[in-house]
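Peer 1: Chain by chain, the residues:
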Amino acid sequence: MLTIEQLSLQLPLYASWWKRDWATCLDKFSLRVYPGEVHAVVGASGAGKSLLAYAIMGLLPTPARLSGQLYYQGKPLNASLQRQLRGRELALIPQSLNALDPLVRTQRQVAWAAQRAGQASAHAWHASQQALDHYQLDARAQQAYAHELSGGMARRVLTAMAHVSQAKLVIADEPSVGLDPYQRQRVLDALRELADQGKSVILITHDLRHALPIADRVTIMRDGKRVETASACAFQGSGASLTNAYSQALWLALPDNAFATTAISRREQEVTVA
Amino acid sequence: MRLIAPIAKRVARLALVLTCVALVSYGLMMASPIDPVDAYLGPQMAQVSPEQRALIAQRWGFDEPPAVQFGHWLRQLVGGDLGWSHVYNQPVSEVIAQRFQRSIALLGSAWMLSTLVGFSLGVLAGAKEGSKLDNIISTYAFITASTPAFWLAILAVLLFSVTLGWTPTCCAGPAGALNQEVSVATRLHHLLLPVTTLALLGIANITLHTRTRMLELMRSDVATHAFAQGASRIDVAWRHGLRHASLPAITLAFASLGELFGGSILIEQVFAYPGLGQATVAAGLRSDVPLLLGIALFTALFVSVGNMIADSLYGVIDPRIKAGGL
Amino acid sequence: MSQAQPRLRAALSLAVTALLVIGLVASQWLLGDAPRQMQFDARLAPPGVDHWLGTDALGRELWARTLAGLALSFWVGCLAALLSTLIALSLAAIATLSARLDALVSLLIDTLLSVPHLILLMLIAFALGGGTQAVIIAVAVTHWPSLARVLRAELWQLRQAPYVRISRALGKSRWFVLHGHLLPHLIPHCLVGALLLFPHAILHEAALTFLGFGLSPSQPAIGVLLADAMRYLSGGYWWLGVFPGLGMLLMVLGFERLSSHLRRAL
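Protein chains in written order, with my numbering: chain A, -19 to 254; chain B, 168 to 493; chain C, 11 to 276.
Calculated from the structure, these hints are not laboratory results. All of these numbers come straight from a predicted model, not from anything done at the bench. All residues carry an ideal CB built from backbone N, CA and C; glycine is no exception. Possibly wrong hints are sitting among the right ones.
What the hints assert, rightly or not - Ranges between beta-carbon positions, derived for each pair: (1) Asp485/B - Ala119/A: 16 to 26 Å; (2) Pro56/C - Gly332/B: 14 to 24 Å; (3) Leu34/C - Val351/B: 17 to 27 Å; (4) Glu164/C - Leu190/B: 26 to 36 Å; (5) Gln268/B - Gly141/C: 28 to 38 Å; (6) Val26/C - Val351/B: 48 to 58 Å; (7) Asp485/B - Leu30/C: 40 to 50 Å; (8) Asp478/B - Leu234/A: 34 to 44 Å; (9) Glu296/B - Pro161/A: 53 to 63 Å; (10) Val26/C - Gln243/B: 55 to 65 Å; (11) Gly58/C - Leu190/B: 48 to 58 Å; (12) Gln146/A - Ala25/C: 21 to 31 Å.
Isolated chain A, as found in the complex (with noise of 0.2 Å):
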């Protein structure tokens, strides 16, 4: 569905008064999703994640350097086709609850959504009622405001949101930060079942251990280079079956599992770059 080859992304900085630098955000990153699968994307904070999101959305801010292909279904995704298809096939499910606007009720917005998906409005005010519903959210938290919904049924909208869209590929950021164990296992098992519908979906998380469990495949990203990407099944037992040392060390870092710390050098982690 979607292949992303050599993608490197660099922000300017401030070093001093005058004098502007660029940021390495992405490092020559490569990554191929297929449909029907759910591929997590997990990694340090700071190490890029979101930034991929915004690039394969092409919603980045305007002073930044973009190197390397993006295809999506074959076509080259560049900016033309990424405006086309942004809500239509493409959609953001973001990390910020904020993104929800605070002025408007929930329904109105799921609906707006479905509007610019491209459906006429009688037919998008009934697929947001059916999308809320499909999340379990009742009529009282449909005509609510941003302010009046917890943590996870905001979540849910913004998943609503994706699902009403009808996108072939979703891009999940950070779904399951602050909320506890069973609303977070609900948004993840939603993404799931999207992918199972036949969509491609991309989640992005630190958190590898709740990745797992739903996930297809994993890549593990640092300083915005790829580390490794291997099937969730290698993440077993001492993770013998992991290439690469520091997804090996992220995964018996886990509490579950030694729990152990070890230090790998960027060298050590370099050579068995894939």
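Assemble chains B and C onto chain A, guided by the hints.
Peer 2: Just chains B and C, lined up with the frame of chain A:
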């Protein structure tokens, strides 16, 4: 029932602030180096003997301590008596009432124009950030906001009245005509240039502020998410921008009342329009203390009530505040 | 200059403005008595090669008088802005010392803000009897409330900061906290505030003088120049009204641009 408590609190605060305004104004007048007897007598002060001056001082209580005088004045004020204006030879309340009637046409139209046009221009400029339209609007607003109001008025008179002859050079009606004889059309003709000039200034400020809010919104998470859904800039501006910009616009509109009053003083002076502004200047220049005080209080009341209305409206319209959260 | 280099732009703006200001001040020393020299054979002369911006009813060169007026406005504006900032800072600081003082200062701010600027200016100028000093004080007193409000809000936020709380818990006096922690943080706000105040101060001083409350008519203040010009408008002597105001507009614009550049850079 829920609404009454905050409104009552606001009214109480309003009363407190107005009392302070009265105190400060009165204090300032007391501090003035002008002899109150001279101020009362006006141009006739040369013709009055010292004994008569002493009598006047006694009659009006000028020889009593300031606190007592303030008490007198306040009591009179609450009773509705604002004193006597020696410049216009009328009770102050009448002067204010008459002149305000004439100023309200000027102020009201300018206020509505500046709010509506300023808001629209601000929304347009913010929505199309960086475009030619935005540049034109921002430049106009920026330059006008830095322009001395009275100079703009002078330019307007020079251009439209003197050079082109489209509008009259002064006053609310033709010289020599009685108030009743002047038709509505003539009145409007005389109002045209002053209102336009005053509005131009008000528009600039509101445009700049609204544009800033729109820009904030267009860069916010809400806008980014909308763009991610495939919305165009116009879509975001119309559906999200308008809502977010309207709320501060209410506060802006009422806050601009104070500036408009100030501007109208200058405009009325240039156009010799016989409104409240001109009366204020006359009162100040000819030491008409009761009139000056009366006008100060009246305008303070006007502005404060306006601000109070804005605050209350905000509480009713903004869903975040209505829920009692904020 | 690209949008990406706001600091460079601000520095350039500052340099240009500083140069212009120095030029303006120097011009006063160079001009000497020119603004007051009357040429009776060249009264009300239109702009031309001999008289750059024209002359007024007493034959005085308009360009000299305009420059003198601008310099005057500059000084008055400076002093007023400075005084205003000092008052705002002091009162905002005092407001943090106790809840009662805070309520008092807040009431004072609301009071002064509810009277329209120009009317308050007239009241104060009237109370002080007119003249240059009165104008400076009037403008200062009218403008400190808005700045004080901003500073007070900042201070309020700062007080909740952990390092302030720790300082208090360690037993440091309120005065120490104010002096050592809070005030240094406010300096950039004060600078920006003062810079924002300055153009408004100039405009208000001109307005006051125009109405007759401010600087004495013998001085070539912009307000005086324009008030004089009013009498000759119908006669078509347009240069008397256009140029002084234009000069003021350019000066105010320059400072507004500088402050917006600085704000974007900081």
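Peer 1: For each hint, tell me whether it holds in the structure or not.
Peer 2: Hint by hint, here is what the structure shows:
1. Asp485/B - Ala119/A: 16 to 26 Å: Once the Cβ atoms are compared, 23 Å apart, the range 16 to 26 Å for Ala119/A and Asp485/B holds.
2. Pro56/C - Gly332/B: 14 to 24 Å: Given a distance of about 20 Å, which is inside 14 to 24 Å, the answer is holds.
3. Leu34/C - Val351/B: 17 to 27 Å: Given range 17 to 27 Å: violated, Cβ gap about 49 Å.
4. Glu164/C - Leu190/B: 26 to 36 Å: Once the Cβ atoms are compared, 29 Å apart, the range 26 to 36 Å for Leu190/B and Glu164/C holds.
5. Gln268/B - Gly141/C: 28 to 38 Å: Holds, since Gln268/B and Gly141/C (Cβ atoms, about 35 Å apart) stay within the stated range.
6. Val26/C - Val351/B: 48 to 58 Å: Hint holds: Cβ distance 52 Å, inside 48 to 58 Å.
7. Asp485/B - Leu30/C: 40 to 50 Å: Distance hint for Asp485/B, Leu30/C holds at roughly 45 Å.
8. Asp478/B - Leu234/A: 34 to 44 Å: Since Asp478/B and Leu234/A have Cβ atoms about 53 Å apart, the given range 34 to 44 Å is violated.
9. Glu296/B - Pro161/A: 53 to 63 Å: Violated: the Cβ-Cβ distance is about 43 Å, outside 53 to 63 Å.
10. Val26/C - Gln243/B: 55 to 65 Å: Holds, since Val26/C and Gln243/B (Cβ atoms, about 57 Å apart) stay within the stated range.
11. Gly58/C - Leu190/B: 48 to 58 Å: holds (56 Å)
12. Gln146/A - Ala25/C: 21 to 31 Å: violated (57 Å)
The structure shown violates the earlier hints numbered 3, 8, 9, 12.
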